[in-house]
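Visitor: Top line first, the protein sequences correspond to chains B and H.
Residues in the first sequence are numbered from 1 upward in steps of one, following my numbering.
Residues in the second sequence are numbered from 1 upward in steps of one, following my numbering.
Bear in mind the hints are in silico, worked out from the structure with no lab data behind them.
It is possible that some hints are incorrect.
What the hints assert, rightly or not - Taking beta-carbon pairs under 8 Å as the criterion, some of the chain H residues facing chain B (in silico):
| hint | residue |
| --- | --- |
| 1 | Val61 |
| 2 | Val64 |
| 3 | Gly69 |
| 4 | Thr83 |
As the list claims (entries may be wrong) - Result set (BS3-like, lysine-lysine): computed pairs, CA atoms no more than 30 Å apart in a straight line:
| hint | chain 1 | residue 1 | chain 2 | residue 2 |
| --- | --- | --- | --- | --- |
| 5 | H | Lys190 | B | Lys123 |
| 6 | B | Lys123 | H | Lys255 |
| 7 | H | Lys255 | H | Lys40 |
| 8 | H | Lys255 | H | Lys324 |
| 9 | H | Lys324 | B | Lys127 |
| 10 | H | Lys36 | H | Lys190 |
| 11 | H | Lys190 | H | Lys254 |
| 12 | H | Lys200 | H | Lys255 |
| 13 | B | Lys125 | H | Lys324 |
| 14 | H | Lys190 | H | Lys40 |
| 15 | H | Lys324 | H | Lys200 |
| 16 | H | Lys200 | H | Lys36 |
On a predicted model such as this, the values are computed, not experimentally measured, just so you know.
Beta carbons are placed, not taken as given, at the ideal position from N, Cα and C, and that holds for glycine.
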Amino acid sequence: MFEYDPVLYSRLLTTLTLAFHVIFATIGVGIPLMIAIAEWMGIKRNDPHYTLMARRWARGFVVTVAVGVVTGTAIGLQLSLLWPNFMRAAGHTIGLPMFMETFAFFFEAIFLGIYLYTWDRFKSKLKHFLLVIPIVIGATASAFFITTVNSFMNAPQGFTLVDGILTDVSPLAAMFNPATPTKISHVIITCYLTSAFILGAIAAFHILKGNKHVYHKKALHLTMVAAAVFAVGTAVIGDFSGKYLHEHQPEKLAAAEWHFETESEAPLILGGFLTEENEVKYALQIPYALSILAGNSPDTVVIGLNDFPQDELPPLWIHYMFDLMVFIGMYLAAVSAFFIFINWTNKWNAFNRPMLWAVVAGGPLSMLAIEAGWIFAEVGRQPWILNQVMTVAEGATTSPHVDIMLYVFIALYAVLGATCIIVLRRMFQSNPVEHELEKLGISHDTHRKIN
Amino acid sequence: MSYEVVGITVLWTFLYGYLIVASIDFGAGFFSYYSKRTNKNHIIHNIIQRYLSPVWEVTNVFLVFFFIGIVGFFPDTAYYYGTALLIPGSVAIILIAVRGSYYAFATYGAKESRLYSFLYGATGLLIPASLSTVLTISEGGYVSLEDGYVSLLYRELFTSTYSWGVVVLSIVSVLFISASFLTYYASRAKDENALQLLRKYALTWSFPSILAGIIVFFLLRQQNYEHYQNMLDIWWVFGISLASFGVAAYLIWKKRNYGTAFVLVMIQYFSAFFGYGVSHFPYLLYPYLTIYDGFTNESMALALIIAFIAGLFLLIPSLFLLMKLFLFDADYVEGKK
Ligand code: HDD
Ligand code: HEM
Ligand code: HEM
Chain B
1 MFEYDPVLYS RLLTTLTLAF HVIFATIGVG IPLMIAIAEW MGIKRNDPHY
51 TLMARRWARG FVVTVAVGVV TGTAIGLQLS LLWPNFMRAA GHTIGLPMFM
101 ETFAFFFEAI FLGIYLYTWD RFKSKLKHFL LVIPIVIGAT ASAFFITTVN
151 SFMNAPQGFT LVDGILTDVS PLAAMFNPAT PTKISHVIIT CYLTSAFILG
201 AIAAFHILKG NKHVYHKKAL HLTMVAAAVF AVGTAVIGDF SGKYLHEHQP
251 EKLAAAEWHF ETESEAPLIL GGFLTEENEV KYALQIPYAL SILAGNSPDT
301 VVIGLNDFPQ DELPPLWIHY MFDLMVFIGM YLAAVSAFFI FINWTNKWNA
351 FNRPMLWAVV AGGPLSMLAI EAGWIFAEVG RQPWILNQVM TVAEGATTSP
401 HVDIMLYVFI ALYAVLGATC IIVLRRMFQS NPVEHELEKL GISHDTHRKI
451 N
Chain H
1 MSYEVVGITV LWTFLYGYLI VASIDFGAGF FSYYSKRTNK NHIIHNIIQR
51 YLSPVWEVTN VFLVFFFIGI VGFFPDTAYY YGTALLIPGS VAIILIAVRG
101 SYYAFATYGA KESRLYSFLY GATGLLIPAS LSTVLTISEG GYVSLEDGYV
151 SLLYRELFTS TYSWGVVVLS IVSVLFISAS FLTYYASRAK DENALQLLRK
201 YALTWSFPSI LAGIIVFFLL RQQNYEHYQN MLDIWWVFGI SLASFGVAAY
251 LIWKKRNYGT AFVLVMIQYF SAFFGYGVSH FPYLLYPYLT IYDGFTNESM
301 ALALIIAFIA GLFLLIPSLF LLMKLFLFDA DYVEGKK
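Can you make the complete structure from the sequences, with help from the hints?
Guide: Have a look at this one:
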């Protein structure tokens with residue numbers, strides 16, 4: 001099919017592993033927070049339903065963590081195996097956060113082990129709750145550290161390049177580069193958002209299947225309130241990310257928006273097609289919106305694609321990735337806000353079927369937004385692996401066997417993914433909530449109003 | 001001490017940590033599978049589960065710490081080893097992936113499955129075999145460097161007695177370390193049946209492990225004479241190793257002081273591992289790469305060391321808490337909690 005090119009295969013294999021890892025990584029960052037919230041509610045309201053919620057979520061979480069850990073180990077090693085030149089350069093400048101990330105892993109892994117096996121070991125429930133806090137911190141810190149590495153790739157700084165050799169290195173400057181604030185906050189909050197929606201989708205699905213227990217309603221309400229908060233945060237921070245791009249990576253923003261001519265009062269383009277002559281067809285144009293996204297006012301001049309060297313432009317199809325992400329972001333915000341609203345007005349039944357289906361759809365969609373966002377961000381950096389410093393081709397391995405490895409890893413992830421789903425389903429189907437509530441002697445109170 | 005030496009000492013210490021905790025884990029997987037095959041699983045299953053369940057993820061982080069840390073301190077290793085190890089490294093990734101996930105699937109997924117426990121047992125032996133080839137390669141003679149193009153010489157690697165010797169050594173060591181720890185754990189749990197069986201395993205693998213060590217020592221003579229000479233210069237370190245082994249095996253045989261015996265096994269491997277490391281010094285990859293030419297810049301080195309010390313303040317109390325709850329809490333170990 002293709003002529004063998006180690007660079008191409010390295011890119012494909014990296015994409016494959018990261019796209020698979022990020023599913024579990026996102027869950028791994030977000031779910032601990034949701035578990036903590038549920039356990040806290042259980043203590044505060046003295047409601048065993050919430051405690052059980054935390055317990056069941058934690059049980060499912062272990063399985064996804066396992067896959068997250070092993071795929072993370074894979075990507076960690078693959079970075080050195082597939083991008084040895086890049087890692088040699090990166091090790092000199094950005095090795096610090098990567099190293100610190102392993103401490104975050106340690107911290108999280110240790111407390112996760114303790115947390116899981118000490119549910120009934122302490123007299124005070126609060127003591128057990130305290131154990132979840134280091135897990136939340138560890139998980140979020142690992143996302144923080146690894147995302148600084150990715151920010152560095154987008155906005156490298158903290159060194160001087162003399163004849164291809166990095167000197168004058170300042171690890172902290174490299175870590176806290178211009179991309180760091182928006183990137184980190186956007187990544188972390190979208191992890192929370194996605195996790196809340198996935199848990200919400202599961203609860204909604206149970207109710208749709210005719211499960212009337214109030215446990216599921218409480219779960220849905222809790223996750224939707226959290227999701228609404230995170231969705232608003234995501235949109236706000238996403239807006240800041242756009243401003244970051246405008247200042248530091250204008251070519252990425254222009255490519256995402258098919259913005260060719262440098263101008264002020266630039267419109268935002270949604271969907272559409274690009275003709276051979278680079279004309280935009282069938283797109284929805286929102287006047288001034290791009291200028292506002294870039295600089296908060298219609299007068300902002302946005303640099304167009306024509307003003308960049310043509311061989312340094314990323315592929316233009318990332319436009320669709322950007323649109324997909326933003327569209328899903330709006331959808332998630334709308335669904336969660338609407339749910340809370342009708343539940344609050346007390347006039348309508350918030351648990352009606354269309355509403356529930358909309359929430360169910362939000363689960364997979366939020367994960368899709370994560371994937372789309374990353375593909376947009378990473379492909380949008382092309383052809384650079386270190387923006388303006390090193391190209392992807394310079395960073396790659398020269399090994400002759402990357403293609404075989406690609407096929408082997410496709411098979412591996414297919415098997416892991418499938419087994420993971422089977423195991424999770426079996427785990428919860430063989431032990432439904434009702435069952436467990438009965439065993440714990442908690443009443444079947446289906447009528448109490450939840451709030 | 002120079003930054004280089006601090007860096008490699010930190011990394012080597014964590015690799016030693018991985019050697020011990022991972023060996024316990026890998027060996028436990030194998031024993032668990034083997035005893036299932038011989039219908040003795042019910043005897044040791046509980047012991048193994050009680051120890052492994054809370055700690056398996058921590059074990060993995062030791063490895064991650066090592067390979068991320070080495071790229072931080074010695075970025076050039078990414079270049080040399082990264083290019084050479086694409087295939088063996090990927091094989092190791094796959095084995096680790098299969099092992100970690102299937103362990104979780106089998107343990108938390110509620111249902112017993114023969115396939116899961118087979119995968120779990122088999123990978124326990126294959127992972128040490130594949131990881132140990134990295135140490136083999138570091139001795140030199142298996143990597144070629146032509147026009148700046150690094151490649152691994154598979155024929156040399158697969159036909160070398162030294163490399164196979166290291167593989168055997170790593171496997172029997174895993175089994176010995178694991179069995180001697182689990183013997184201790186069973187004795188703390190006051191589980192007589194498990195203790196008897198595990199003690200038998202420990203004694204079975206004790207002499208093979210020391211024998212393999214001695215054989216590899218002499219095979220190294222042909223592979224890398226310089227390294228062999230350096231090892232002879234510090235023969236007393238290996239003497240300590242041998243003596244610790246002798247006392248440990250004696251104690252296990254006499255059915256007493258299993259805890260002391262395990263500490264002695266740890267000393268046995270500590271002295272051998274550091275003796276090996278010190279005599280390998282200063283090469284990271286003989287003869288191409290030493291710790292001096294592969295080292296990161298000063299400011300990064302300092303930052304990494306500060307981060308490391310700060311990290312230890314976090315890590316040591318947490319590890320202590322973990323051990324206190326699951327290793328030294330007699331009620332937990334005995335299954336009363
Ligand atoms: C649930 C997922 C999700 C949702 C709903 C959104 N995003 Fe996003 N976005 C991501 C998930 C994501 C991400 C996967 O986390 C990315 C990829 C790389 C990164 O830094 O974050 C990202 C990157 C990213 C970037 C590029 C940053 C860079 O390359 O440095 C921009 C400009 C935005 N986003 C803007 C938005 C806007 C305006 C949204 C409107 C609501 C939005 N995102 C919703
Ligand atoms: C986890 C979510 C991520 C996803 C889904 C993702 C996706 C991608 C994609 C699609 C590419 C290929 C771009 C192309 O070749 O056209 C890529 C490349 C790459 N990414 Fe990411 N990325 C993620 C996070 C990261 C992070 C956090 C880092 C930093 C450590 C990183 C480092 C790399 C490297 C080194 C490459 C190869 C060079 C390149 O093609 O630019 N990625 N990633
Ligand atoms: C190139 C980029 C990445 C690398 C090198 C990487 C590396 C790793 C490694 C080595 C692990 C296993 C840790 C262990 O043994 O416990 C891991 C797990 C994890 N990674 Fe990644 N990762 C990358 C991208 C990401 C991204 C983008 C995120 C978050 C947004 C992330 C979040 C996590 C989390 C939370 C875990 C732990 C799973 C858990 O224990 O819950 N990673 N990663």
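Visitor: Which numbered conditions among the earlier hints are violated in the structure presented, ordered from lowest to highest?
Guide: 6
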